[in-house]
Every structure is written in C-alpha cells, then in structure tokens.
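Peer 1: Residues per chain are reported as follows:
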Amino acid sequence: MIEWANTIIQGILTGGLYAMFATGLAIIFGVMRLVNISHGDLIVLAAFVAMVVIETTGVNPFVSMIAVLPVMFVFGYFLQRGILNYTVGDDLLPPLLVTFGLSIVIQNVLLEVFTADSQRLKAGALEIQSLQLTEGLSIGVFPLIIFVTAVVMIIGLQQLFNYTRLGRAFRATSDDAVTAQLMGINHKHIFGLAMGLALVLVGIAGVLMAIRTNFDPSIGPSRLLYAFEAVIMGGLGSLWGTLLGGIILGVAQNIGAKIDPGWQILAGHVAFLIVLVFRPNGLFPRTRDD
Amino acid sequence: MSLLEIENLTAFYGDFQALFGISLSIDKGETVAAIGANGAGKSTFLRSITGLVQSDADKFLYKGETLKGKAACDIVGLGIAMVPEGRRLFPSLSVEENLIIGGYNQRPGNWTLERVYKMFPKLFERKDVAGTALSGGEQQMVAIGRALMSNPDVLLCDELSLGLAPIIIKDIYDALPSIKAEGISILVVEQDINQALAIADRVYCFQEGRISLSGKPDDLSKDQIAAAYFGR
Chain A
198 MIEWANTIIQ GILTGGLYAM FATGLAIIFG VMRLVNISHG DLIVLAAFVA MVVIETTGVN
258 PFVSMIAVLP VMFVFGYFLQ RGILNYTVGD DLLPPLLVTF GLSIVIQNVL LEVFTADSQR
318 LKAGALEIQS LQLTEGLSIG VFPLIIFVTA VVMIIGLQQL FNYTRLGRAF RATSDDAVTA
378 QLMGINHKHI FGLAMGLALV LVGIAGVLMA IRTNFDPSIG PSRLLYAFEA VIMGGLGSLW
438 GTLLGGIILG VAQNIGAKID PGWQILAGHV AFLIVLVFRP NGLFPRTRDD
Chain B
47 MSLLEIENLT AFYGDFQALF GISLSIDKGE TVAAIGANGA GKSTFLRSIT GLVQSDADKF
107 LYKGETLKGK AACDIVGLGI AMVPEGRRLF PSLSVEENLI IGGYNQRPGN WTLERVYKMF
167 PKLFERKDVA GTALSGGEQQ MVAIGRALMS NPDVLLCDEL SLGLAPIIIK DIYDALPSIK
227 AEGISILVVE QDINQALAIA DRVYCFQEGR ISLSGKPDDL SKDQIAAAYF GR
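Protein sequences, first through last, are from chains A and B.
Residue 283 in our numbering sits at position 86 of the first sequence, and the numbers go up by one each step.
Residue 236 in our numbering sits at position 190 of the second sequence, and the numbers go up by one each step.
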C-alpha cells in the first residue's frame with residue numbers, strides 16, 4: 198500500500214514538471230492561436246544555454262537563470278516579431294509549418310554545436326536530498342521544488358493575466374486583435390511580449406528539467422508531446438487545468454512504470470486518451486467560442 | 047482649420063476599390079453623420095480614418111498633422127476613438143475591464159470609470175459580468191464608454207442602431223448630446239436616416255464609395271436625400 202502511495206506522490210511531483218512544460222505552450226496558443234511545434238526544442242535550447250552559462254561562469258544552475266531567462270525572453274520577443282508574427286492569422290497551418298521548421302533547425306544547430314552526447318546540470322546535494330513523510334514514504338526535495346515552482350508559476354501568471362494592464366492587453370488581443378488596435382494596443386508588440394514571457398517559463402522548465410534528467414539535442418519532441426497532452430487534458434480554460442493535466446500524465450506514467458518499467462510512457466498516453474474519451478474538450482474547457 | 051480634414055481619399059480591399067475620392071471635414075464640437083445604404087462605403091471610410099484599412103488621400107489631416115501611414119494602434123493615442131460596428135466587446139473581459147482597456151493608451155483627459163457609470167448607470171450594476179453577457183443595448187453602452195475612456199477629441203460611431211430595438215436606440219442616441227457638450231466631435235455612420243438627421247449638424251450621403259450629397263439637414267429635402275441614398 199505504501200508503495201502505491203509513494204508511486205502516486207512521485208507521479209504528482211513529476212506532473213509539476215510536465216505542467217511547467219505546458220504553461221508556456223498554453224500561453225502561446227491562448228494569446229496568439231499559435232501551435233508551437235518547436236516548444237520542446239526551445240526547452241532543450243534553454244537547458245543548453247544554461248549549460249554554457251554554467252561552464253563559462255561556474256555558477257550553479259539556479260543562479261544561471263539570471264542570465265538564461267533574459268536571454269530566452271529576448272530570443273522569444275524577436276523570434277515572434279521577426280518571424281512568427283508574419284505567420285499568425287486565421288489559418289493555423291503557417292505557424293505550424295514554420296515552428297516545425299524551427300524545431301528541426303534548433304535540433305540540428307544544437308547537434309552541431311554540442312554533439313549528441315547526453316548532458317546533465319549538477320545542483321549538488323539538493324538532487325538527492327529527501328523529506329521523510331512517514332515510515333517508508335519520502336519525497337525528493339528537488340522534485341518538490343519543481344512542483345512548488347510550477348504552482349507559483351501558475352499563481353503568478355493568473356495574477357498577471359487577471360489584474361494587470363499587460364494581462365488585460367494579452368486577453369483583449371487574444372479575443373480580437375483588430376479591435377485591440379482600436380484601444381491603442383500594438384498587437385505585434387503584445388505577441389512579442391507573450392512569446393518572450395512563454396520562453397521565460399520555458400527557460401525555468403528547461404533548467405529544472407536539465408537538473409532532474411539527462412538531456413541531449415534530440416529529446417525536444419517528447420517534451421512537446423508531454424506538454425501537449427497536459428494542455429489538452431487541462432482544456433485551455435484554466436492554467437490549473439494544465440497543472441491537473443500534467444499531474445494525470447505524471448501519475449499515469451509512474452503507475453505504468455510500477456506495473457512494468459516498459460509501460461511508463463505508454464501509460465501516460467493511454468491516460469491521455471481515456472481523459473479525451475470522457476472529456477473531449479478537456480477538464481476545464483474554454484467557455485466561449487472563438 | 048477643421049479638426050479632421052480629408053480630401054480625395056481612396057481605399058482598396060486588395061484589387062477592389064471601395065472608396066473613390068472622399069472629401070470630408072469635421073470641426074471641433076461638431077456632429078457629422080455619414081448615411082448611405084449597406085455597402086456604400088461608410089464603414090470602410092471610418093476604418094480608413096482609424097488606420098484599419100489602408101488608404102491614400104491628397105489631404106488626410108488631423109489637427110494639422112497627417113494621418114497617412116500611421117498605425118491603427120497609434121491613431122487612438124492622437125485622440126480619435128471608434129465605436130465599431132457590432133460593438134466588438136472583448137469576451138474574456140468583464141464590463142469594467144472592457145471599459146478600462148479603452149484607456150490603455152493613457153491619454154490625459156476627464157473621462158473616468160465613474161463618469162462612464164454616471165452616464166450609463168446600468169453598466170455599474172453589471173460591471174463584473176462578462177461584457178458579451180449583456181443585452182445588445184447594454185453592450186453598445188459599453189462600446190461607447192470604452193471609446194470615451196481613451197479621452198478622444200473625435201468619436202467615430204459605426205452603426206450604433208444596428209440590431210437594437212427602437213427604444214434602446216433612443217437611449218443610446220440620447221447620450222450623444224452630452225458627449226458633444228464635452229467638446230468632442232462626433233462622426234456617426236448610420237443607415238437609419240431619421241436618427242442621423244436628428245442629431246447631425248451636417249450630413250454626408252455615401253453611395254457606391256462616393257459622396258453623393260452633403261449639407262446641413264435643414265437644407266436638404268427628402269427627395270434629394272432619397273435620390274442620393276438610393277441612387278434614384
């Protein structure tokens with residue numbers, strides 16, 4: 198019994214990481230109606246940027262975020278203004294194709310520069326520290342940090358979207374970019390800021406992922422898949438839905454792995470399909486039609 | 047010098063020419079109506095002024111400065127606000143948020159939430175409801191309030207009466223004189239001729255992308271207007 202409780206708790210904590218992957222994707226789609234196929238590769242890119250910062254300066258991975266996050270923001274802003282703004286519109290296909298191309302470019306540039314070797318960011322003793330909850334049941338401090346970060350991230354984003362001038366501009370532009378211009382909102386700039394913000398989240402997720410697991414230039418697409426599954430299970434109506442989607446995915450994967458280590462990934466996908474069978478629009482669907 | 051002065055304005059949707067040599071001016075504090083049948087080019091004209099439709103003109107001056115090449119998002123900051131056709135409220139914003147976002151450009155002026163609520167008390171009662179959950183008339187009040195929140199010198203109103211019951215239309219139009227009293231110039235685009243003539247200082251009639259008639263309402267006969275409106 199205690200083993201199953203342990204499996205579920207570890208799954209919930211893993212879900213925090215998946216939710217973190219997914220929030221950036223949800224914001225990009227929510228504000229710009231842009232399906233970003235390169236999302237997973239951007240997570241990996243952030244991990245490599247952190248690796249370069251750490252190798253250059255010798256700081257620990259958490260401190261490296263001081264450099265990684267602004268770099269990702271600026272990269273996101275100019276990526277949107279320089280390329281992706283020309284693809285957004287009524288047709289979802291152009292941004293899909295362009296970000297697919299971007300995904301290939303990022304993977305190959307990373308492969309060229311960093312080789313296919315597996316990498317890992319080291320955070321010292323924190324990686325192996327754990328908190329004992331009861332006899333036989335303990336949780337890792339670092340997975341807990343990731344989960345708490347995901348929750349804080351979602352609370353922060355909700356505050357930003359609901360109570361700030363920029364958040365209102367994000368929502369108005371998402372609703373109707375043409376009318377938003379009549380309010381004095383430069384939608385191209387707002388889209389740039391949204392992508393910059395999303396890549397800051399990607400930066401945090403990338404660094405934390407790189408501490409928790411090995412990474413190499415080829416792992417982006419599977420991260421994209423986890424992010425997609427979490428977002429779609431969540432239903433795009435609420436970022437808390439995205440967290441719940443991530444948790445379902447994480448728990449399902451851990452239960453699958455508990456039954457048979459080979460079933461870990463498959464169990465997550467099966468859980469995703471089961472949720473969609475019963476809730477085709479996700480757990481917290483959008484309440485309005487777009 | 048007129049507040050807004052336009053001479054020989056043309057506008058295109060791709061290869062289709064929608065406006066042919068429109069000349070129109072608005073003075074400070076004046077209410078001007080643009081009337082015409084559906085598809086006559088009235089809304090395109092308003093969208094050209096706000097920069098949403100690309101246009102060209104011999105003269106396109108606002109307060110003596112050219113509006114040519116200005117982006118739509120910059121024009122509202124100069125003092126030109128629009129109440130778009132169909133209200134176009136933001137569905138994910140509450141009534142109050144819809145009003146607040148009207149003042150996004152932070153142009154200085156006298157219009158505040160309190161003043162908008164005083165003008166349309168119904169909105170205060172429903173300020174936390176999603177804007178699109180209101181009735182059509184209430185939505186139109188939000189759209190007007192939202193435009194006023196940008197502290198405009200010129201208010202462009204596109205088909206205020208569209209889809210509204212006559213009693214609601216009266217409520218909406220009753221608000222315009224108090225807006226005019228603030229010194230705001232108003233350009234109303236309207237298919238409802240009687241409503242437009244009742245409030246306008248001057249009228250322009252649009253027909254197939256051209257101005258077919260212009261003048262003061264009292265100087266124009268019904269036959270002249272009918273001929274200019276329907277092309278008879």
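Worth flagging that the hints you see were computed from the coordinates, not collected in a lab.
Some hints here could point you the wrong way.
To be verified - In silico contact screen, one side only, chain B against chain A (beta carbon under 7 Å); selected entries:
{"no.": "1", "residue": "Phe62"}
{"no.": "2", "residue": "Lys116"}
{"no.": "3", "residue": "Ala118"}
{"no.": "4", "residue": "Val122"}
{"no.": "5", "residue": "Leu124"}
{"no.": "6", "residue": "Gly132"}
{"no.": "7", "residue": "Ser138"}
{"no.": "8", "residue": "Ser140"}
{"no.": "9", "residue": "Glu143"}
{"no.": "10", "residue": "Ile147"}
{"no.": "11", "residue": "Ala272"}
{"no.": "12", "residue": "Tyr275"}
What the hints assert, rightly or not - Dumping the calculated BS3-like pairs for lysine-lysine here, alpha-carbon to alpha-carbon at most 27 Å:
{"no.": "13", "chain 1": "B", "residue 1": "Lys268", "chain 2": "A", "residue 2": "Lys385"}
{"no.": "14", "chain 1": "B", "residue 1": "Lys226", "chain 2": "B", "residue 2": "Lys216"}
{"no.": "15", "chain 1": "B", "residue 1": "Lys164", "chain 2": "B", "residue 2": "Lys74"}
{"no.": "16", "chain 1": "B", "residue 1": "Lys173", "chain 2": "B", "residue 2": "Lys116"}
{"no.": "17", "chain 1": "B", "residue 1": "Lys114", "chain 2": "A", "residue 2": "Lys385"}
{"no.": "18", "chain 1": "B", "residue 1": "Lys216", "chain 2": "B", "residue 2": "Lys268"}
Ideal Cβ positions, reconstructed from N, Cα and C, are used throughout, including at glycine.
Peer 1: Double-check B/Ala118 for me: the hint is only fine if its C-beta lies closer than 7 Å to a C-beta in chain A.
Peer 2: 4 Å, holds
Peer 1: Starting from B/Lys216, check that the Cα of B/Lys268 is at most 27 Å away, please.
Peer 2: 22 Å, holds
Peer 1: Hint check: is the beta carbon of B/Ser138 less than 7 Å from a beta carbon of chain A?
Peer 2: Holds: closest Cβ of chain A sits about 5 Å from B/Ser138, inside 7 Å.
Peer 1: Are the Cα atoms of B/Lys173 and B/Lys116 separated by 27 Å or less?
Peer 2: Given pair B/Lys173, B/Lys116 is violated - Cα atoms ~33 Å apart, limit 27 Å.
Peer 1: Checking hints one by one. Is B/Tyr275 an interface residue toward chain A, by the C-beta closer than 7 Å rule?
Peer 2: 28 Å, violated
Peer 1: Is the interface hint for B/Ala272 satisfied, with its Cβ closer than 7 Å to some Cβ of chain A?
Peer 2: 33 Å, violated
Peer 1: Taken at face value, is the distance from the CA of A/Lys385 to the CA of B/Lys114 at most 27 Å?
Peer 2: 20 Å, holds
Peer 1: Was the hint right that B/Val122 lines chain A, CB cutoff 7 Å?
Peer 2: 4 Å, holds
Peer 1: Let's test the interface hint: is any C-beta of chain A closer than 7 Å to that of B/Glu143?
Peer 2: 6 Å, holds
Peer 1: Check whether the Cα positions of B/Lys268 and A/Lys385 lie no farther apart than 27 Å.
Peer 2: 47 Å, violated
Peer 1: Could you check if B/Leu124 really has its C-beta closer than 7 Å to a C-beta on chain A?
Peer 2: Violated. Min distance 10 Å.
Peer 1: Verify the interface restraint on B/Gly132: the C-beta must sit less than 7 Å from at least one C-beta of chain A.
Peer 2: Because about 10 Å separates B/Gly132 from the closest Cβ in chain A, which is outside the 7 Å limit, the hint is violated.
Against the hints set out earlier in the document, violations occur for numbers 1, 2, 5, 6, 8, 11, 12, 13 and 16.
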